[in-house]
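Residues per chain are reported as follows:
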Amino acid sequence: MGRESGQKLAEKECNCTEKNEDGGKKVKPKGEKELLINRKISDKDMKKITKAVEGEIKFIIVGDLDLKSKYARSILVVTDKKIYAFDDAFDGEVFSKEYGEIKKAYVKRYYGNAMLILAEDEDKKKRTNFIRFSYKVASLYDAAAYFIENVASGKDMDEEMDAIEAAFEKQFSVCPKCGRTLIRPGAECMNCQSKNKMFKKMMKYVSPYKVPILIGLLLSCVTTVVALVPPYMTKQLVDEVFPNKDERMLVIILVALVASYIVQYGVGFFRSYILRIAGEKVVTDLRKDIYAKAQHLPMTFYDRTSTGSVINRILTDAAKVQDFVMRITQEVVIQFFQMIGIIVIMLTMHWKLTLLSLIPVPIVVIGAKIFGEKISPYYRRIWRRWSAATSVLTDTLPGIRVIKAFTNEEGSTKEFGSYTDELLKTVTSASKITIMFPHIVSFIVTCGSLLIWGIGGFEVINESGSVSPGLLISFISYASMFYGPVSFFANLNDTYQNTLTSAERLLDIIDAEPENDFGKGNKIDRLKGKFEFRNVNFSFDRTKKTLNNVNLTIEPGDIVGIVGTTGAGKSTIINLLMRYYDHYDGEILVDGINIRDIDMESYRSQIGYVQQEPMMFHDSVFNNIAYGCDNPHIEQVINAAEIANAHEFIARLPDGYDTVLGERGIGVSGGERQRLSIARAILKNPSVLFFDEATASVDSETESQIQEAIERLISGRTTIMIAHRLSTLRKANKIIVVDKGEIIEMGSPEELMALKGKYYKLIQIQTMSDQIRKTKEEERFE
Amino acid sequence: MARLYIDDDSVRFIRKDITLVDMEFYDGRKFEDLEPRRLFPRTGLGKYITLLDSEGEEKAIIRNLENLLPESKKIIEECLDEFYLIPKVTKINKITIKSGTVKIDVETNKGQTVIETRNILHGIKRIYGTRVLFRDSDDNRYEILDMHQLDKRSRRLIEEYL
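Those sequence lines, one after another, are chains A and B. Heads up, the first sequence is in the numbering used here, so the first residue is 1 and it goes up one at a time. Heads up, the second sequence is in the numbering used here, so the first residue is 1001 and it goes up one at a time.
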C-alpha cells in the first residue's frame, strides 16, 4: 500500500471513534484495522498527512513541542515504509527517514522534554534529532523508538505492532472523569470510585453512633425548651407580679426558675457526656482508618509525601475534625433549636418587633459567605506551613546524632525557626480576617438590639398599648438569645473552613489510590520460584529511565547475584519483584503467572527480604525477630536466631531476648541488626529470598558470620542477592550484570569470567581492593 | 584524578549538536561530545555547569559561565536552553479543579499550555518567597520566576494554592 491507502484511510476515519482524555480519538475505519493515534487532529491535517506520506500508516503520535522547544503541535507518522516528522517550527516542512537508513532509534531524555533520535550508525555518530516532545507522550515515543529500531533491524513489523498497541492502550486507559491513568484498560478508577461529597464520607464515621447521638439531640431539645422559660418568667415578674405585689406568685416563679435551671444544667451535663463520648469514638475510628489506609498506600505516595505530613494528618487534622464534630453534635443542634424556638416565641409576643430583630440576619449571612471565601486560602496556606514545620521535626529529631556530630544544633534550630516564622507570618495575616469578622458580626447584632430598644422604647413611652415595659425587657432578652445562635452560625464558618482544609488532607489519604491488588483472593500455596522479566521498562518519574527493556529468567532454586555500579538499577529490580512499584511497562511473571494477578498479601508472605539497613522497631529482640509471625513458639525464634548467628550475641545481652531496642534498633550494632533481620526472614520460612547488600556496611568478621547465616538460609530456595562485595556471591550459580538500567551480561560466574567483560573487570578491581582491605585490617589488628 | 575546574578563558567550546559540545584547551587537550548540565538546576542557573561525556562521566566543571569567552558562553547557554525546558509562566488565564485534578491554563515564554497536577501539595511549591515551581502529573516542570512580576489577577489566582 502506498499513498493511496493512506488517503483511503483518511476518508473513512470519521465512521467510528472513541474519545480519550485529550479529546483525541481512536480512529476505527470501517472494515480496516484501527489507526492508532493519541490525540484528535483535524480532517484537514489528516488529509495533509496522508497526502505527504508514503505507505500504510501504522501509528501517529501527536506531541506538544516543536524542535525549538516551543509549545506547538508536532506529529510523528510511522508507516510501513518511512518515519515522518511534521513540525510547525519549520513551516510545514516534513522530515522523513527510511528504515534502511536507521541503525539506532532512541529517546534522549532532557529536563522537562525529550527527543526522538535516529542514528545511521551503531556508534550514534551520524544522528538526526527527529522530533521533540514533552513527557506527556514520552511512553509512546519509547515504544515508537523500539518499534523503529527493531523494524529497521529486520524484525517482523506486525509482531512489533503488538508493543505499540499495548503502549497506546495504556495511554488510552484513563479515567474519563478525572483523567488519571488506570492500571489497565477498563479498571475502576480508584480516585473516582469513592469521590462522593465530603459530608457523606464523614457521615460514614458518625452513623455507627447514631443512637447516642440521637439521644443527645433529644436531650438538647429538652434543654433548649427549658432555656426559653426564664425570659418568659421575667415578663411575668415585670408585668404581673411586681405591679400587683403578688408575693405568692413571686415564690412560685422563683421555684419554677430553680426547677428549670436544674433541668437545664442536669440534662445538659448528661447530654454533653453522651455526645462527647460519641464524638471521641467517631474520631478514634477516623484516626484508625487513616492509619490503616496509610499502611496500604503505594511506595510512590511515600516517595512524594513527607512522614511529617502524614503524621500531621493522623494527629493534628484528625483532632481538628474531632473538634468540629464535637461542635456540630453539641452546639449546632442546640443553637439551631434555640433559634427556632425563640423566633416562635418572639412572633407570638410581637410580630413587628420580631421582623425588626431579623434585619441584621441577611447582612450577617452574606458577610459569613464572603468571609468563608476570604479565609479558606489562608487555612490552606497555614496547613502547608504547619506541615513543613512538622516535617522538619520528623526529619531532624531522629537524626539528632548527626546534628550533634556536625555541631549543627544552631543551624537546625535556625531552620526550624525559619519555618515557624513563615507559619507565624501566615497566621498573622489570617488573624486580621478571623478577628475582624466576629467583631463586625457583634457590631451588626448590637445595632439590631438598638433598633428594638428604639422602636419598642417609643411604643412604651407613647403608651400605645401594644408594647408593655415587661414585654420589651422580655423581648430584648429573647432577641439577645436569638442573636447568640446567629453569631454562632456566622462564626462557625471560620471553624468550618479550617476543618475543611484538614478534612481535605485526611481525604487525601483516605481517597489515595491504594496499592493495586487486582489479584486479591488469587492466593498461591507456595512459590516454586521461577521469575521472568519480559521487556520491563521502569522509571520512578519520567525524567530518567531506571530500567530499560529488561529481560531475564530465573529458574527455581537458582542463586542469582545481581552486580553493577551504584545507581545501575539493581535494587529497582528487587523493588519491582517486591511489588513496591507496579507502574512499569512489560511483564513480570512468577511461576508463569503475572505477579500483578496474584493476591498481594499471599505473594509477599512467601518472600524473605533482607535489606541493607534493616528496620528494627522499638520493641523487644524477641518481638523484632517474630515480627509479622502470629504467636511463634519461643524455640522457633531461638532456632531462627541460632541459624542467623544471632543467638550468641543475644544471649550475652543482660536482658537476652527481652532486650528492648531503641527507635530503629538503637542499642545493637549494624551487624547485629542485620543478623536479627536474617533471623526474622528465617522464621518466616519463605519460598524465595531477596538480599539487598546485606553485608555492605559490616566488617570482614561480621560479614563472614552473616554470610554463613545466609548460606544456611538459602539452601533450596530461589535467592536473589545484590552485592557490592562479589565475594558474597560465591554460592551464586547465575550472575546478572546491570549497567545504566540495562542487563549487559548474564550467565554463570565462569561464563562471565571467560567473557572478560564488566563482571571480569569488577572481580579484578575487587580482588585488589580486598587484598588492600585485608592488609589494612591486619595492620590495625596488630 | 583531581576535578578539572574551568573558570577562565583557557578553553573554547565548539557546538557539536543541540546539547553537545567539543571542548578544546589551549594546551592542546581536547574532549568531544560533552553535554553541559547544571549541577544546581534550581538555584544556580549559570554556575557550576558539569560537562559529561557519552558515558555520563564528568570531564570538567565550569565554575561560572560569566568567566568564559563570550562565544563559548553563548554556546553553553544555548545547549543548556535546549536541555532544560522549564517554561516561565508569565500569565495565569484560568485555574479549574475537577475530581481532584487541578488544571492551570497559563501563558509561558514557550507559548500557551495547561499544567495539570493531581496533587496541589506536591505539584505547586513556592520557594524563596516569590519563586513558584510547578511539576505536572507527567513530571514536566514550569516556574514563575517572580510572583511580583505577574499581573494582579494572575497573582490572585495562584496565591490561593500557595
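Take these hints with a grain of salt, some might be off.
Calculated from the model, a selection of chain A residues having no Cβ within reach of chain B, i.e. all distances over 12 Å [unchecked claim]:
1) Y71
2) N113
3) P377
4) M615
Straight line, CA to CA, 30 Å or less: simulated DSS-like cross-link-like pairs of lysine-lysine [stated by the list, open to error]:
5) B/K1152 to A/K758
6) B/K1091 to A/K170
7) B/K1016 to A/K544
8) A/K104 to A/K155
9) A/K523 to A/K352
10) A/K731 to B/K1074
11) A/K740 to A/K104
12) B/K1152 to A/K108
13) B/K1030 to A/K126
14) A/K108 to B/K1125
15) B/K1152 to A/K545
16) B/K1103 to B/K1059
17) B/K1030 to A/K288
18) A/K104 to A/K82
19) B/K1016 to A/K425
20) A/K235 to B/K1047
21) B/K1091 to B/K1059
22) B/K1103 to A/K40
23) B/K1098 to A/K108
24) A/K523 to A/K108
25) A/K235 to A/K352
26) A/K108 to A/K97
27) B/K1016 to B/K1125
28) B/K1073 to B/K1047
In short, the hints are calculated from the structure, not lab data. Every residue, glycine too, gets a C-beta built ideally from N, C-alpha and C.
Any Cβ of chain B at or closer than 12 Å to A/N113, or is the non-interface label fine? Violated, because the least Cβ-Cβ distance between A/N113 and chain B comes to about 4 Å, which does not exceed 12 Å.
Sort out whether A/K545 lies within 30 Å of B/K1152, counting only the CA atoms. At roughly 40 Å apart (the allowed maximum being 30 Å), A/K545 and B/K1152 break the hint.
Over 12 Å to the closest beta carbon of chain B is the bar; see if A/M615 clears it. Non-interface label stands for A/M615: nearest chain B Cβ at 25 Å, farther than 12 Å.
Quick one, are B/K1103 and B/K1059 close enough, alpha carbons at most 30 Å? Outside the cut-off at roughly 42 Å; violated.
Take the C-alpha atoms of A/K104 and A/K155, compute the straight-line distance between them, and say whether it is at most 30 Å. Holds, because 14 Å separates the two Cα atoms, which is no more than 30 Å.
With the threshold set at 30 Å, check whether the alpha-carbon distance from B/K1152 to A/K758 stays at or below it. 59 Å, violated
For a C-alpha distance cap of 30 Å, please report whether B/K1091 and A/K170 respect it. Violated, at roughly 33 Å.
Straight-line Cα separation of B/K1030 and A/K126 no greater than 30 Å? Since the Cα atoms of B/K1030 and A/K126 sit roughly 20 Å apart, the hinted pair holds (cutoff 30 Å).
Please work out if A/K731 and B/K1074 have their alpha carbons no farther apart than 30 Å. 56 Å, violated
Between B/K1016 and A/K425, is the straight-line Cα distance small enough, at 30 Å or below? 50 Å, violated
Quick one, are B/K1016 and B/K1125 close enough, alpha carbons at most 30 Å? 36 Å, violated
Straight-line Cα separation of B/K1091 and B/K1059 no greater than 30 Å? Violated. B/K1091 to B/K1059 sits at ~40 Å, over the 30 Å cutoff.
Figure legend: structure checked against the earlier numbered hints; hints not met, in rising order: 1, 2, 3, 5, 6, 9, 10, 12, 15, 16, 17, 19, 20, 21, 23, 24 and 27.
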